[in-house]
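Below are the chains, spelled out letter by letter.
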Amino acid sequence: MKVKVISRSVDDFTRERSQDLQRVFRNYDPSLRTQEKAVEYVRALNAVKLDKIFARPFIGAMDGHIDGVSCMAKNPTQLKWIFSGAMDGDIRLWDIASRRTVCQFPGHQGAVRGLTVSTDGRMLVSCGTDCTVRLWNTSADNIMELSNSTKNSVEPASVHVGKNAYLAVDHQWDSELFATAGAQLDIWNHNRSEPINSFQWGSDSVISVRFNPGEPNLLATSANDRSIMLYDLRMVSPVRKMIMMTKTNSIAWNPMEPINFTAANEDGNCYSYDARKLDEAKCVHRDHVSAVMDIDYSPTGREFVTGSYDRTVRFFYYNSGHSREIYHTKRMQRVFCVKFSGDGSYVISGSDDTNLRLWKAKASEQLGVVLPRERKKHEYHAAIKKRYMHLPEVKRIERHRHLPKPIYKAATLMRAMSDARKRKEERRKAHSAPGSVTTQPLRRRRIIKEVE
Amino acid sequence: MDEGQENQAIITKKKPSTHQDISDELDLKIKKYLRGEAASFEDLKDRKLKRQLSVREELYGNAAKAAAKAEKWLMPNEGGYLEAEGIEKTWRIKQEAIAKEVGLVNLRNLYDIVLPDLGPYTLDFTSSGRYMAVGGRKGHLGIVDMINLSLIKELQVGETVRDVVFLHNELFFAAAQKKFVYMYNREGTEIHCLREHGAALKLQFLKNHFLLASVNKFGQLHYQDITMGDMVGNFRTGLGRTNVMEVNPFNAVVGLGHAGGTVTMWKPTSSAPLVKMLCHHGPVSALAFHSNGHLMATAGKDKRIKLWDLRKFEPLQTITGHANTLDFSQKGLLACGSGSFVRVMNDVSGTQNYSNYMNHSMAKGYQIGRLAFRPYEDVLAIGHSMGWSSILIPGAGEPNFDTWVANPFETSKQRREKEVRSLLDKLPAETIMLDPSKIGTVKSTRREKVTKQERETEIEAAVEAAKSTKLKNKTKGRNKPGKKMQKKQDAIARVKRPYLEEKINEEQNISQKKQKTSENVELPKSLQRFARKKSS
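Quick note, the sequences are listed as chains A and B, same order. For what it's worth, full-length UniProt numbering labels the leading residue of the first sequence as 1, then goes sequentially. For what it's worth, full-length UniProt numbering labels the leading residue of the second sequence as 1, then goes sequentially.
Treat the hints as calculated values from the structure; they're not laboratory data. Note that CB positions come from ideal geometry on N, CA and C, so glycine has one too. Do not take every clue at face value.
[Stated by the list, open to error] Residues from chain B shown here face chain A by an in silico Cβ test under 10 angstroms; the list is partial:
1. 32
2. 81
3. 93
4. 96
5. 425
6. 499
[Unchecked claim] Below are the DSSO-like pairs computed for lysine-lysine, each with C-alpha atoms no more than 30 angstroms apart in a straight line:
7. 438(B) <-> 4(A)
8. 2(A) <-> 100(B)
9. 69(B) <-> 2(A)
10. 424(A) <-> 48(B)
11. 4(A) <-> 483(B)
12. 395(A) <-> 525(B)
13. 69(B) <-> 386(A)
14. 513(B) <-> 282(A)
15. 438(B) <-> 377(A)
16. 52(A) <-> 470(B)
17. 31(B) <-> 385(A)
18. 377(A) <-> 45(B)
Please model the complete structure; the sequences and the hints are all you need to start from.
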């Protein structure tokens, strides 16, 4: 007969010296582990609760301005700096790590309405309600020199005076052109003192302008007549115009899918459009209760941050209709501008209370150096949360956010109003001849018309 | 020449099998790691969801393949086996014959410990198989380290001990003594006296939930959470005194065998059993669950041992024979013990057809009390009236253990870490259900055809919720027990009312429908309330 019996010698399974690592043996057989799904569910519940415990998104405030912050600009070549312009004409360069002003750019007599930095980081363009456009030298060595010297302010490289107040400015990717918005849309060159080109459609002032990062000649603007216009610099006339029911305060192009852009609207919603097809929104992002003032995409293109007049900052996924996160503080008043940091981990918001606030993009993220063991644990937690996210207990904890009372009440009121409207619409449909009353989908409802 | 030929034969036998065999083996392994069938997306209309789910299924398939391929490197040990040659039969092979073939290391596992005065012994192993708790009927308790074969602690409690069970690790064990259940430390100190359990006859520990289950002389089932000490459930089974209780390791459901031949299965959150099946013509004398959760073996006093499929609740096989105790090993061997005779049965090549594998008969006066296979070893421990013994059963244990699941060579630091992690992963008592893979699945919301059973479970769940709400303790003489009971009954009646009303409405509707004519006018929704109703 042939016999074999399991025999294990202790030496094979224990370590020889205490300096050695302990020996680990694995057997991935599922029958050794019973009730795997229940264990995963309990771990998902714990992971979601831990998330809430570690959710401390506010890092710090940068104070120094003496009037509300109206606009911000990122330097595409530097991760650690951000420019901000205030309502009294003060422009400052901040070092995000130490949250201190590196240097100031005084000069504007009225509010600074637009700030932008050229792609190579050498030139800062600012425009304001004092009808001037100022260009400043901001190459890295220049700034270093300035920060070392005692004199903390800088002279502009050039000042261009115009006829009307300027409301926004944006720089073209990888070139020397920039566009300003005011009474009409002007295209400038760094070296010329007059705009090289001008566009106008309709008689209303243009309030925001954005160049497309993927297609440098394409730009989107929004005007006071509630329209969004697309221009191509190579053509003489504007490309397309689309009129909505309420005006758009700001536009942001998706850096990873430059064919899409999202418009921050006065009615509290953000509308994502495909630039080729403007008659229907791709997605309507609704959660703010008051006008959305500014919007910026993350460098990943997967989410964007919005700042609104209702004193909150919200994060949305690029394709979801509701926000994933909301940041609010008692001290933060109307948020006028938001920017995602260059690496996508931080968000800076500038608000009416003269402070710039630095937040984490993911509220419970661990900053600093993360050990590989910790990173694996975070990834595991993210994966099981995703798997069990739809179960009621996990979803309830994940979704729970404390809202300030005015926002909560405003949201309840808006929901009651929209429910009432929906009910009335349904009854009208039910009591009229079938097919005579049609409701438009929300993606089209807010668009009045598209003009070629 | 002959030897040369023999060697040749051996060499040819060891030649790697053909590609077909390899791929079949690999397929079997992949199936094991797949954990069930892949979902079918034929009726899914949402294309985006379909694509996302099929990508996920592909990832699962790749993971299963990678795990199957890695098995060869990760799990070097192979299981034991016993093969008879020629006309020899495996069940005629005695332990002495095996002892001659086997190495010295394994001979340490073949012994008899004779302790004649202290009564029949019951045994329990920790999940790693390293420590064994023994309890003699006359009050002898002890913990033995099986690898060093040393007695860690023994104590004499001075009263009847009916059952011993380890808690989550070897530091704690519980003993069902004459009047109460006691919890002891590894040092032998009595830590707790659990009075609510009463005179328990059998104890079981649910590892993932940290629940101690006991059945006592009055047929009451108690579940106690030993981390915080709260009693999670206590139920009157209503079926009398029984000392047959086992836990199904697959879904943590407690099975009780009763004197009427029924086997009932319980979970801590419902006062009625999940399943009640009539298994034998006489009292049920023993019960055992296979670790895969599909197979249950029951033995009755009607001289039958039956194997049941727990998915369909049908008997698979009936074997004639007595059994006072049953146990399944990790590899699926079934040990039946009665009198002084142990029979081990094996299912040939995975089909669930059990046939005799090995037999062992002990000296005549020895009455077998309890059989327990030692995890991760090819050893069967027998607790009997004269002490305990251990015999070798090749092929019983799982050869490769996982350090993070159960480690027989655990250091104290690893044990402490494991305790903390298992406490973090402690499952709430509500997760115990007959099919544990139902967690996370979608409950169908079609309310039209609520079957009677579903409605009953809903009512029961609602009643349990109503019963567990806490009433306020009123002061100033307003806290009379009669009023409290009335309030509780009112709460239960209130919970049941909507279901009863639904039932009455349904009956009315049925009677109305029967009286309505079959004329059906399709009116638009807004005018439907003006439709002429035929008066009943």
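How the hints compare with the structure:
1. 32: Since chain A brings a Cβ to about 7 angstroms from residue 32(B), closer than 10 angstroms, the hint holds.
2. 81: holds (5 angstroms)
3. 93: holds (6 angstroms)
4. 96: With a closest approach of 12 angstroms, the residue 96(B) hint is violated.
5. 425: holds (5 angstroms)
6. 499: At about 22 angstroms, which exceeds the 10 angstroms cut-off, the nearest Cβ of chain A leaves the hint on residue 499(B) violated.
7. 438(B) <-> 4(A): violated (40 angstroms)
8. 2(A) <-> 100(B): Since the Cα atoms of residue 2(A) and residue 100(B) sit roughly 11 angstroms apart, the hinted pair holds (cutoff 30 angstroms).
9. 69(B) <-> 2(A): holds (28 angstroms)
10. 424(A) <-> 48(B): violated (33 angstroms)
11. 4(A) <-> 483(B): violated (70 angstroms)
12. 395(A) <-> 525(B): Cα-Cα ~36 angstroms, so violated.
13. 69(B) <-> 386(A): holds (28 angstroms)
14. 513(B) <-> 282(A): Distance ~48 angstroms between residue 513(B) and residue 282(A) Cα, so the pair is violated.
15. 438(B) <-> 377(A): OK: residue 438(B) and residue 377(A) at ~26 angstroms, within 30 angstroms.
16. 52(A) <-> 470(B): Holds, at about 29 angstroms.
17. 31(B) <-> 385(A): holds (26 angstroms)
18. 377(A) <-> 45(B): violated (36 angstroms)
When each numbered hint is compared with the structure, violations occur for hints 4, 6, 7, 10, 11, 12, 14, 18.
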